[in-house]
Amino acid sequence: MGVNATDTFEEWYRREHPRLVTSMLLVAGNIHLAQEAADEAFARALARWDRVSAMASPNGWTYRVALNVLRRRGRRAARERELLARGRPPDEVPAPAGEAWDVVRRLPPRQRTAVVLRYVADLTEEQVGAAMGVSRSTISSALADARRTLGRMLADEDGKLEVPCG
Amino acid sequence: MVDLRTAAAQLIENPVVPVPPVEGVVARARRYRAARVRRQAGAGVLILALAVTAVVRAGIGGSGPDSLRVVGDPVPPEERPAGVHVDRSTTTTPWLPGQSPFPPGLDGTGDGGWDSLRSRGPDCPMKVDPRLRPVTIMVNKDARAPSADEVEPLAVVKSVVDYYNFLGGICGRAIELVERSLLDDVIPKRVVGLVGTPLDPAFDWAAKTKLFDDLGLPAVGGDGLTNVQHESRLVYPVGTSAEALTRIALDWASGRGARSFAIVYDGGEAFSREAVESFHRYTSRIGGTVREAVDVSDRGTEVTAAERFRAACDGGRCDFVLLALRSDTGDKWLQTRPPTARVETAALPTLLTGGVPESCFRTRNERCDGITAWTGFTPWFRHIEHAQDLRPSDLDVTEGSALTEATGLSARVLVEALLQAGPKVDRKSLRSVLETTAFSPAPDVVLQWGSRLPRAGNPIAQRWRMDVEGTAAWAGDAQGHTRTHADEWATWTGAVAAGAQGVPSFAEALGAYGQGEMRVWVTDSATPQWKKGEALPSPPSPPPSPPHAGGPPMSPDVHSLRTPLPDKWWSPEGDWRRDPGWAADG
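Top line first, the protein sequences correspond to chains A and B.
When we follow numbering that gives the first Met the number 0, the leftmost residue of the first sequence carries the number 0, and every step to the right adds one.
When we follow numbering that gives the first Met the number 0, the leftmost residue of the second sequence carries the number 0, and every step to the right adds one.
Please keep in mind that the hints were generated in silico from the structure rather than gathered at the bench.
One or more hints might be untrue.
Said to hold, decoys possible - So the derived list for chain A, only partly shown, Cβ under 10 Å to chain B, looks like this: (1) 12; (2) 21; (3) 54; (4) 60; (5) 68; (6) 103; (7) 105; (8) 121; (9) 123; (10) 137; (11) 143.
Yeah, the Cβ is synthetic: ideal placement off N, Cα and C, and Gly gets one too.
Please put together the full structure from these sequences, using the hints given.
Written as structure tokens, this is what we have:
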């Protein structure tokens, strides 16, 4: 999914905002960081809309910017929490899908980010690789590892996971 | 069962937060643009203000070495800070005003070829004029430097820029160095060139996504390790690719009887992945046996990786091992005391830092002894004191870090190209110079790109070896230079530089990267210009060996054919490696 030929920035923004915020929330586990990253990414995309809209993967570019913002702000937030001796804020994830995302959150950061960008952001493996700054083969490996890690069962190609009950 | 896609769709349909009005994004984008404009305007005002201040201060007695100095700010000689030094002897020689900072052979007065400074015409001022608009070059703000020991790119580039501004900039125009984010920022139109910094994924991303091509912005350097840097029309790498270095190292080892091979790599690093691919291809080609290939990035399996490696290579079962790791990862790997290879354990230039031998020595890690590292460029910056935050002061930049030196060389090449292009340089004229000029950072070493792809501007490699010693000697470097240190350190010793006999082979190697199209080049110390089609000159005779200057005996593996420097010793035996990958099959 990218920018359609007739899209204005507003149309693209309204369509992609929920997906971007949700993805960043799942990666970072903090709604404020996720919103900040999304807002910054969209603002920068608007600032250079002519170029971004013409890219092969504007979504990939935007997710890349958002991940960078997340990384920078996340480091700062972590330091602030350390200084203030506060614990990690609770994750804020909608309850209905909590089970799956509880499991995904236990993944190592790279695998978690790859899974979120692949299934929530709905990027192709190549776009995920571009957003994360790694090759497509690394993403394929990361997703395969994620399935194994989560899998105490195998994942089929549609990304279905069996989460054991109890 | 939970369907991840269905769960994702549910999340999207029930967003965590409502979509904010687009007006907020518009306002934020406006603020973002305004902040950028203010930064640019502020920088210009600051430079102007400080230039005026420096001129005023010069008139009333000088600002002193601790004052803030902006790149491009003219500095009277008596105020020149302890900036760039070049080692010429066993003691650091201060760079005195008016004295050439280059060692003999690199100052354009003899062999060496860095003669652009002399080639600026008589009308070209040799002093920066603050009334002239600066020439702007850029480094990537996002460049990561995970450990100061591994790379200090910005400091090195600043040192180079300061140095050339001290010598008059680009015909009186100061060189302005700006930092911008390749990922996030709009690159100002006034930026004419970029210095690539090592181990910078944003640089690779920009090369891969054709950002430099879109902007017509020449980018010199990067570490040269990843293939994408050699495949972009606007990138001019000074380093040799990890793929080529791997082939060279394997070729060297197989020539010494190695038949079983292993590699330790990091699947999270692009250069490392390309090294392991090259490793498999080339071992297959030479008929070697791959005993093991371990990926240290395999989380949760770190112990398993070391155990697997031990099982495969213990007891000398691996003839040759390649470490395609960064310095911090490589250091951790070496601390696991892995079995040593029978012929050699070699590393890519990422391991060639001061911190790795220090760590080896302090932990008395005998497994480090004899490890070699291959690097694709001759270090030229022997000892520099870098400016932190533009304040000229103190500290040594990491010596012996191959990536630091690559960055210095990249900056140097870019600025030399600016000088060649002249005071009216722009992106197009800079690119033209880079495409048509051969740069010689040292005798018999040539960097040249031309219009072919891949741009293997530097297809050679040199080999350094680490000796873990318990003495107070620091033995040798690329110039065969010696000095002593009070600390007890493990040392990187020796180098293999391109030999005079290699001149025809350079052409062959360069021609190989043109896919069989032979190119010849002419270079001399006065005008390092490449003239396509001209006959190759006779290779220069190697200079005579000077008498041994004392110090610990040199290993027979140490070779150098550089212009003699004081207190230098060398072995007359010449050796160099070029990338064997170009040789046609059959």
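Hints and how they fare:
no. : hint : in the structure
1   : 12   : holds, 6 Å
2   : 21   : holds, 5 Å
3   : 54   : holds, 8 Å
4   : 60   : holds, 8 Å
5   : 68   : holds, 8 Å
6   : 103  : holds, 8 Å
7   : 105  : violated, 12 Å
8   : 121  : holds, 8 Å
9   : 123  : violated, 14 Å
10  : 137  : holds, 7 Å
11  : 143  : violated, 12 Å
In this structure, the hints that do not hold are numbers 7, 9 and 11, in rising order.
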